[in-house]
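Enquirer: All chains should be built: construct the whole structure from the sequences, respecting the hints.
For the sequence shown, position 26 matches number 27 in our numbering, and the numbering has no gaps at all.
Please keep in mind that the hints were generated in silico from the structure rather than gathered at the bench.
Distance ranges between label pairs, derived from CB positions: (1) 80 with 59: 25 to 35 Å; (2) 2 with 54: 44 to 54 Å; (3) 5 with 82: 43 to 53 Å; (4) 59 with 2: 43 to 53 Å; (5) 8 with 90: 41 to 51 Å; (6) 80 with 5: 41 to 51 Å; (7) 5 with 86: 47 to 57 Å; (8) 79 with 34: 20 to 30 Å; (9) 62 with 3: 52 to 62 Å.
Just so you know, even glycine gets a beta-carbon here, dropped at the ideal spot from N, CA and C.
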Amino acid sequence: MNSREYRQWRQRRRAAWLEANRKRKHPDTEAERLIEFANMSAPYGGATEEEILVNFGMTKRRFIEKLWQVIPESNCADDEMHSLTIAYPNLS
2 MNSREYRQWR QRRRAAWLEA NRKRKHPDTE AERLIEFANM SAPYGGATEE
52 EILVNFGMTK RRFIEKLWQV IPESNCADDE MHSLTIAYPN LS
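Expert: Given below as structure tokens:
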């Protein structure tokens, strides 16, 4: 292994370690993806119906239902919860 290959191997290994050890918002990766998407769009009033359909293949109503199903098990901070509540009011 030459120095370039070693450096690339070390970078991949470090990236994998960082990914494995970062603090996750939810143990389920699909739920975490849902929460991250909702958090990114919350400051703008929430995602549009089209964005949700393209990214998750579901209606906005189903997205909000699914979001509030996974939130109780998540590690979201209080300020994140507040912005999600404003952008995606619980429909139940």
